[in-house]
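A.B. asks: What the sequence shown shows, in the numbering used here, is residues 1 to 104, in sequence order.
Derived from the structure by calculation, the hints contain no laboratory data. Just so you know, even glycine gets a beta-carbon here, dropped at the ideal spot from N, CA and C. Any given hint might turn out to be false.
Unchecked claim - Simulated restraints on C-beta separations: (1) Glu35 / Pro83: 40 to 50 Å; (2) Thr48 / Lys10: 36 to 46 Å; (3) Thr47 / Arg70: 37 to 47 Å.
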Amino acid sequence: MIHAALHWPKVEDETLWPLAVSHSAHLYNHTPNSESGISPIEMFSRTTSDAAVIRYAHVWSAPSYTLESRLNSAGGKIPKWKPRSRRGQFVGHSPVHAENTCLG
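Make a model of the complete structure from these sequences and hints.
C.D. replies: Below, the structure written as C-alpha cells:
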C-alpha cells in the first residue's frame, strides 16, 4: 500500500487494505522456503508446484487493463474508435475464480 501511495497517489485508497493483506498472504503461501525449497501451500496440499505463481506475480496496485465486457462475449463488437479496454489497478487474485483470474 505504501508503494502504491508513492507511485500512484491519485488512486491510493485505505479501504483496499484487506485486499492487500490477502495478496500478501497469497504470495507468502506460494513462496518456497529458502532452506527446504517447499512452499507452505505444497506442505498443506502435499503436492509439488512449479512456482509459476511467483514467476508471474504482479506488483500490488500496478496499472492493469481489462478488456471491454462486450468483446468477451462471442461476436461482441464495439464502435471502431471506442477504447477496447479500461484502465484499472491490480488488487490481487479472485478467490472464487481460477487462480489466473485477477481482480482489478
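A.B. asks: None of the hints should be skipped; say for each whether it holds.
C.D. replies: Consistency of the hints with the structure:
{"no.": "1", "hint": "Glu35 / Pro83: 40 to 50 Å", "verdict": "holds, 48 Å"}
{"no.": "2", "hint": "Thr48 / Lys10: 36 to 46 Å", "verdict": "holds, 42 Å"}
{"no.": "3", "hint": "Thr47 / Arg70: 37 to 47 Å", "verdict": "holds, 39 Å"}
When each numbered hint is compared with the structure, no violation occurs for any of them.
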